[in-house]
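Hey, can you work out the whole structure from these sequences and the hints?
Protein chains: 2
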Amino acid sequence: MRNIKCIVAYDGTDYCGYQRQGRLRTVQAELEAAANVILKENVKIHASGRTDAGVHARGQVINFLTGCTIPTTRIPYAFNSVLPPDIAILGAEEVPADFHARKCAKRKTYRYRIYCSRFPSPFYRHYAYHVPEDLDLAAMEAAAAYLIGRHDFASFRASGSTVKSTVRTVFAAGLAAGGETTDFCITADGFLYNMVRIIVGTLLEVGRGRIKPAEMAVIIAARERSAAGPTAAPHGLYLERVEY
Amino acid sequence: MRNIKCIVAYDGTDYCGYQRQGRLRTVQAELEAAANVILKENVKIHASGRTDAGVHARGQVINFLTGCTIPTTRIPYAFNSVLPPDIAILGAEEVPADFHARKCAKRKTYRYRIYCSRFPSPFYRHYAYHVPEDLDLAAMEAAAAYLIGRHDFASFRASGSTVKSTVRTVFAAGLAAGGETTDFCITADGFLYNMVRIIVGTLLEVGRGRIKPAEMAVIIAARERSAAGPTAAPHGLYLERVEY
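As given, the protein sequences belong to chains C and B, one line each in that order. Quick note: the first sequence uses the numbering used here, first residue 637, plus one each step. Quick note: the second sequence uses the numbering used here, first residue 637, plus one each step.
Hints are computed from structural coordinates only; laboratory data are not their basis. Among the clues, some could well be false.
Among chain B residues calculated to face chain C with C-beta under 7 Å, some are [unchecked claim]: (1) TYR646; (2) PRO721; (3) ALA724; (4) LEU726; (5) PHE755; (6) PRO756; (7) PRO758; (8) ARG761; (9) GLY815.
Far from chain C by the CB rule (all over 10 Å, computed), these chain B residues [to be verified]: (10) ALA689; (11) ARG844; (12) GLU851.
The beta carbon of each residue, even a glycine, is placed where N, CA and C say it ideally should be.
Here it is in structure tokens:
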């Protein structure tokens, strides 16, 4: 049995999220159906983590064990020939037997794409969050800096979710020039449920002048969901990269 | 009656082109239906020109005569509130009575977006032409330079189309850095049917080393469709800008 690691990109628009949910259209179901055809065996695909409905991935990582003999370099071509065009395998490599896409992930990077323009763009309607007003980008950048480091991010966790620890380490967080869009990128050792979208919802309030950058320290310290801003829409979010 | 000029962007993916065709879904039909609702009158919308099925517009120009009293600055908001999300009005201004979006157009610019990467991208599947091999961009740039000036472009006209003159003036033609894509941009005083797509199909042959840049002079001089390369796919093409 070989353990194969793949990089996967998908347009999340027409999916009910990554994870298999009965008969709903999910990325996992499509990947496992493709694997079934290509590898001629029922494999269980492990991903670095799930993504919600409408959320995209440019660098999701998956792994699966297979007894098939297709050369590793041919695996992306084989999968892409049967996958729907809104999912693509961008690379494959053989990894040691103990590699697990979720359990071994060390850092993840998410990108949240914001389209600032008076009018909406037909081209970004599924791919960036439209903000019709001007945003104070310097204030957003200053606010984002408070996120960097090891903190309890309970304020940025969807209410109702239960995890053992809400402490995470953010390695980088800031705005990146993205052509016609303004992109917020954040790298951490892990993320709570909806954490990036709640952070972005809060940063957008900072950009609109409703929250001062320094209040981010207070919001983090509150450790209460109600202290942070709203949850930003899913369609601006991309799982950008997973590091091991 | 006021004469209103608007800038329109649309994602051509789900349209059978710009021009009204019976009951098919076209951009013109959607715009006129929206005008009907907003202006409460049946207006005839004139565009700078038609675009084919799958072709996009970032700066199409339209005009229409209306007796309605909506302030011009409110027109984009009014239209966008009823238009489907794959069409957006990006601006409106009142123009003299003799302005006509097609007849008065002086220059048009088209962009053709090429995504060069070993594997296809889910995000560009409707928005750029995927080329899995490396292209010789310098050769393509050199070939494009032959297009600039006043020439008979009969070699780059879809066979079967009939126009009085096939002479056009190209003011600029070349590659532009476009982030993850390579974009070919061309500005001319007018374009023959499928002219940009045949030019791009020919330039891609140059990029693949099958046609030498200097052969562009021979292809232009031939004044025969068969001398040029294939017609590139519609989904990489954008009507970028119209000047008056």
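Do the hints match the structure? See the list:
1. TYR646: 5 Å, holds
2. PRO721: Constraint on PRO721(B) satisfied, holds at 5 Å.
3. ALA724: 5 Å, holds
4. LEU726: Because about 5 Å separates LEU726(B) from the closest Cβ in chain C, which is inside the 7 Å limit, the hint holds.
5. PHE755: 5 Å, holds
6. PRO756: 5 Å, holds
7. PRO758: Hint holds; PRO758(B) Cβ to chain C Cβ min 4 Å, cut 7 Å.
8. ARG761: 5 Å, holds
9. GLY815: 5 Å, holds
10. ALA689: 16 Å, holds
11. ARG844: Nearest chain C Cβ is 20 Å from ARG844(B), so the label holds.
12. GLU851: 33 Å, holds
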